[in-house]
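Sequences and hints are given; from them, build the entire structure.
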Amino acid sequence: MNADAPVLSVRGLRKVYGRGGLIRLPGRPRAAGLTAVDDVSFEVARGEILGIAGESGSGKSTTVKCVARLIDADAGEVWLGAQNLMTLTGGRLRAARRHVQVVFQDPYSSLNPQMRVGTAIREAGVAHGIEGAREPGFAVDLLAKVRLPASYVDRYPRDLSGGQRQRVAIARALAPRPEVVIADEAVSALDVSVQTEIVNLFLDLRDQTGISVIFVSHQLSVLSALADRLIVMKGGRVVETGPTREVLAHPRDDYTRALLAAYPDPVAALRARGFGLDAAADGGDHE
Amino acid sequence: MSDVRANTPLLEIDDLRVGFGANPASASLTVHGVSLRMDEGRIVGLVGESGSGKSLTCRSILRLLPDRGHIVSGSVRFDGRDVLGLSRAELLAFRSKQVGMIFQDPFSSLNPTRRIGSQMVEALRLALGVSEETARGRAVSLLDEVDIPDPAGKLRMYPHELSGGMRQRVMLAIAMGAQPRLLIADEPTTALDTTTQAQILRLLRRVRDENATSILLVSHDFGVIAEMCDEVVVMYGGYVVESGPVEEVYLRPRHPYTRALIAAVPTLEVPDRDYRRPTIPGPPLGTTRYEGGCPFAPRCVNARPECRDVPMTLVPIDDVHAHATACPFEGRVSA
Chain A
646 MNADAPVLSV RGLRKVYGRG GLIRLPGRPR AAGLTAVDDV SFEVARGEIL
696 GIAGESGSGK STTVKCVARL IDADAGEVWL GAQNLMTLTG GRLRAARRHV
746 QVVFQDPYSS LNPQMRVGTA IREAGVAHGI EGAREPGFAV DLLAKVRLPA
796 SYVDRYPRDL SGGQRQRVAI ARALAPRPEV VIADEAVSAL DVSVQTEIVN
846 LFLDLRDQTG ISVIFVSHQL SVLSALADRL IVMKGGRVVE TGPTREVLAH
896 PRDDYTRALL AAYPDPVAAL RARGFGLDAA ADGGDHE
Chain B
506 MSDVRANTPL LEIDDLRVGF GANPASASLT VHGVSLRMDE GRIVGLVGES
556 GSGKSLTCRS ILRLLPDRGH IVSGSVRFDG RDVLGLSRAE LLAFRSKQVG
606 MIFQDPFSSL NPTRRIGSQM VEALRLALGV SEETARGRAV SLLDEVDIPD
656 PAGKLRMYPH ELSGGMRQRV MLAIAMGAQP RLLIADEPTT ALDTTTQAQI
706 LRLLRRVRDE NATSILLVSH DFGVIAEMCD EVVVMYGGYV VESGPVEEVY
756 LRPRHPYTRA LIAAVPTLEV PDRDYRRPTI PGPPLGTTRY EGGCPFAPRC
806 VNARPECRDV PMTLVPIDDV HAHATACPFE GRVSA
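Chains as they are written, first to last, in my numbering: chain A, 646 to 932; chain B, 506 to 840.
Hints may be right or wrong, so weigh each one.
Output of the computed footprint for chain B on chain A, the stretches with three or more beta carbons under 8 angstroms from beta carbons of chain B [stated by the list, open to error]: (1) 837-847; (2) 889-897; (3) 909-915.
Derived CB-CB ranges, DEER-like [to be verified]: (4) Asp-804(A) / Asn-716(B): 54 to 60 angstroms; (5) Ser-531(B) / Ser-796(A): 26 to 32 angstroms; (6) Asp-799(A) / Thr-818(B): 37 to 43 angstroms.
Because the hints were derived from the structure by calculation, they are not lab data. All C-beta atoms in this analysis are idealised placements derived from N, C-alpha and C, irrespective of residue type, glycine included.
Okay, here's the thing in structure tokens:
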């Protein structure tokens with residue numbers, strides 16, 4: 646296989662919600678539906694972290710759910726190597742799904758509260774027929790990858806902090822040895838300092854394993870340190886795309902500019918309020 | 506007004522201890538002696554991570570603690586009045602008329618089965634003792650004041666028909682209905698998009714500027730705090746570790762935790778590929794047993810043996826600013 650070929654290639658993805666499928670009220674016309682994703686195309690290279698930015702309703706979350714085949718798209722292709730995931734069914738879809746794993750916003754609701762951490766991780770491997778997934782060392786190795794101690798295999802989700810739970814969710818996503826991990830607002834519910842820990846973890850995992858990551862976030866300040874490339878979505882469409890540095894330094898779309906302007910920058914805020922920042926260097930000498 | 510009145514802060518929390526257990530005597534403490542003072546028309550930030558005790562502190566002002574939660578000792582005075590000594594009836598009046606509160610998730614504080622209008626009318630009638638018709642008229646003007654388009658139409662809607670930002674505006678309108686002197690905003694923008702967050706923050710600032718409402722703003726994000734607040738109180742592990750004017754604390758932090766928290770604020774700068782943004786090392790809050798002394802010591806880069814039993818009292822740093830730190834190794838340089 647060509648080393649430069651993208652791991653994942655999405656073409657012309659389209660998803661319309663609520664077109665009045667099964668239930669139609671008598672006398673009501675067929676609903677026009679809401680086009681949540683409209684002709685979205687992108688590629689993810691091996692070892693690349695692609696950030697998808699946008700606000701609620703921009704279609705970013707629907708896009709990745711279609712890519713992972715958690716919901717069915719109305720049109721488009723999702724190529725994983727030589728397979729188009731959109732056309733797969735049954736056993737072949739299950740086998741292909743192994744390679745695209747998802748981490749969600751709220752690890753508390755995505756982890757079974759009654760299942761120990763070790764069991765949850767092992768089951769994710771067993772479900773996809775990973776060799777050695779039943780061995781005790783399997784979960785321990787994955788916990789080490791997300792920098793949690795081996796003793797955590799016996800803990801329950803409730804014994805963990807929010808950041809630790811998200812690490813477990815990442816370990817479980819890595820268990821089937823996927824080629825792509827999709828993180829859907831995976832740090833949005835966490836404290837600022839814990840967000841950075843998870844961002845750093847994804848960077849290290851990428852550097853160590855060459856995994857590809859699609860990271861969805863409404864916070865450009867999270868994506869700025871993480872993503873190699875950015876896609877900005879609005880109203881179901883891609884409004885801007887490019888290398889992260891380029892998009893943030895020279896945004897071309899008005900919407901991207903509005904997102905950047907809304908970021909609460911403490912230094913700029915204090916300066917705008919007339920607090921001189923040059924005084925910061927003088928060690929606190931005031932009149 | 507007399508000088509005595511002018512010197513009375515709107516809100517004064519003194520040595521507040523909150524704990525959980527079957528009764529106050531056996532409760533294990535989660536808020537350890539928090540003191541805080543707010544003047545009329547000020548925006549004070551309460552900043553810290555999950556588990557720092559910031560939400561419990563502000564719920565104590567309304568005596569709205571979760572099950573098995575108790576105020577173990579300390580005092581809360583509002584405009585000179587002892588809140589903890591209020592009778593049941595006085596407390597209800599205090600909650601509905603003097604203090605408004607908005608939370609992180611407006612969806613869980615609105616009843617999903619009732620229209621916005623009926624919920625607003627109920628709250629307004631309770632707070633203002635007015636007729637249904639008057640309350641309905643007031644509801645329309647309140648929604649208008651928080652920049653909700655077509656306010657009359659919105660009264661007929663259910664919470665799920667509104668966006669997150671709109672729901673937070675509705676909550677703010679309800680909270681402001683009684684024209685409270687204090688608004689407690691507990692992570693009001695954490696669940697919102699960045700541009701919606703900016704709009705809600707602007708709205709909160711306008712509420713203060715136009716009505717002189719004091720705002721206690723709880724947040725884990727120093728970016729939001731710096732943009733909004735006059736003063737800031739930094740909490741960790743149930744203690745106040747530092748407090749002072751926001752520009753003093755942000756520009757000249759004098760507690761290692763405050764410095765770590767400020768360093769963790771994400772920026773829009775794109776770093777080099779090998780760069781990792783600084784995090785706060787060590788065990789996260791709530792995953793280790795508190796053994797006394799400084800709660801931040803297990804994660805502090807400057808920790809030393811004495812930290813295990815330092816008294817967590819706030820000591821002023823200088824005489825000019827009301828800037829104080831609980832770290833004895835960062836305090837005033839002795840003469």
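Quick rundown of the hints versus the structure:
1. 837-847: holds (count 8)
2. 889-897: It holds, with 4 qualifying residues against the three required.
3. 909-915: holds (count 6)
4. Asp-804(A) / Asn-716(B): 54 to 60 angstroms: 45 angstroms, violated
5. Ser-531(B) / Ser-796(A): 26 to 32 angstroms: Given a distance of about 30 angstroms, which is inside 26 to 32 angstroms, the answer is holds.
6. Asp-799(A) / Thr-818(B): 37 to 43 angstroms: 40 angstroms, holds
The structure is inconsistent with hint 4 alone, although it conforms to all the rest.
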